[in-house]
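Engineer: Residue strings, one per chain:
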Amino acid sequence: GDSVTQMEGPVTLSEEAFLTINCTYTATGYPSLFWYVQYPGEGLQLLLKATKADDKGSNKGFEATYRKETTSFHLEKGSVQVSDSAVYFCALSDNQGGKLIFGQGTELSVKP
Amino acid sequence: NAGVTQTPKFRILKIGQSMTLQCTQDMNHNYMYWYRQDPGMGLKLIYYSVGAGITDKGEVPNGYNVSRSTTEDFPLRLELAAPSQTSVYFCASSYSGATYEQYFGPGTRLTVT
Chain A
1 GDSVTQMEGP
11 VTLSEEAFLT
21 INCTYTATGY
31 PSLFWYVQYP
41 GEGLQLLLKA
51 TKADDKGSNK
61 GFEATYRKET
71 TSFHLEKGSV
81 QVSDSAVYFC
91 ALSDNQGGKL
101 IFGQGTELSV
111 KP
Chain B
1 NAGVTQTPKF
11 RILKIGQSMT
21 LQCTQDMNHN
31 YMYWYRQDPG
41 MGLKLIYYSV
51 GAGITDKGEV
61 PNGYNVSRST
71 TEDFPLRLEL
81 AAPSQTSVYF
91 CASSYSGATY
101 EQYFGPGTRL
111 TVT
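Top to bottom, those sequences are chains A and B. All the letters of the first sequence, read from the start, carry residue numbers 1 to 112 under our numbering. All the letters of the second sequence, read from the start, carry residue numbers 1 to 113 under our numbering.
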């Protein structure tokens, strides 16, 4: 079945460092891809998405490109801030009822 | 616009007890979902609904039941609680399926002892 694999955390960075969180997927068909973020004690909220190959999603300085040839959707940010500390989830939607399949999440901690 | 609301925020159950987790959305979304999140894991789908009167199983439905009598409400019923159901439960809704954003509630933390 469909699945999502993320790099394991926790990831600890200094403020203004470059961030990459790797995400690869396995799917039949053509899923939509998402990054969700979960701040401490809160529910998930959408960070960005891409619905077809070569699309780039971007929001709040974060970017991810839908790469069908490598089945990847890596999250990047050029300069992280303390306020970016959270858990990041990569997910795909299976085009059947919009069900999301999540990776295990990557905890990011940014130090001043 | 309150978005997706869930009650209660926290609950402790004894083994064998039952309870209902409430979920309400005020965005007139057709699609609603229940997920559980275990420590260090991603979310897993329990049940979902594509409209009032229509529900279907997700990846981990055993031990749970749902109903969808209105567009707004999607309660999750736990019968005969077991320690394996200790988790954080999230309800979500979306306007439609695959390419649309899901909006999540704040979660219910359930402990079964």
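Think of the hints as simulated: they come from the structure by calculation, not from any bench. Using N, Cα and C, we set each Cβ at its ideal position, and we do this for glycine too. Be careful, since some hints might not be right.
Claimed, not checked - Which stretches of chain B does chain A cover? Using the computed rule of at least three CB atoms under 8 Å from a CB of chain A, they are: (1) 15-27; (2) 63-74.
What the hints assert, rightly or not - Now the stretches of chain A that chain B is said to cover, found in silico as 3 or more residues with beta-carbon under 8 Å: (3) 17-25; (4) 43-55; (5) 87-97.
Engineer: For every hint, state whether the structure bears it out.
Structural biologist: Structure-based check of all given hints:
With a threshold of 8 Å between beta carbons, the proposed coverage of the segment 15-27 of chain B by chain A is violated, since 0 of its residues qualify and at least three are required. Judged by the Cβ-Cβ criterion of 8 Å, the segment 63-74 of chain B is not covered by chain A as claimed, because only 0 of its residues qualify and three are needed. Counting residues of the segment 17-25 of chain A whose CB lies closer than 8 Å to any CB of chain B gives 0, so the stated coverage by that chain is violated, three being the minimum. For the segment 43-55 of chain A, the assignment as covered by chain B holds, since 6 residues bring a beta-carbon within under 8 Å of that chain's beta-carbons and 3 suffice.
Here the segment 87-97 of chain A counts 7 residues with a CB under 8 Å from a CB of chain B, which clears the bar of 3, and the coverage holds.
The structure fails to meet hints 1, 2, 3 from the earlier list, while all remaining hints are met.
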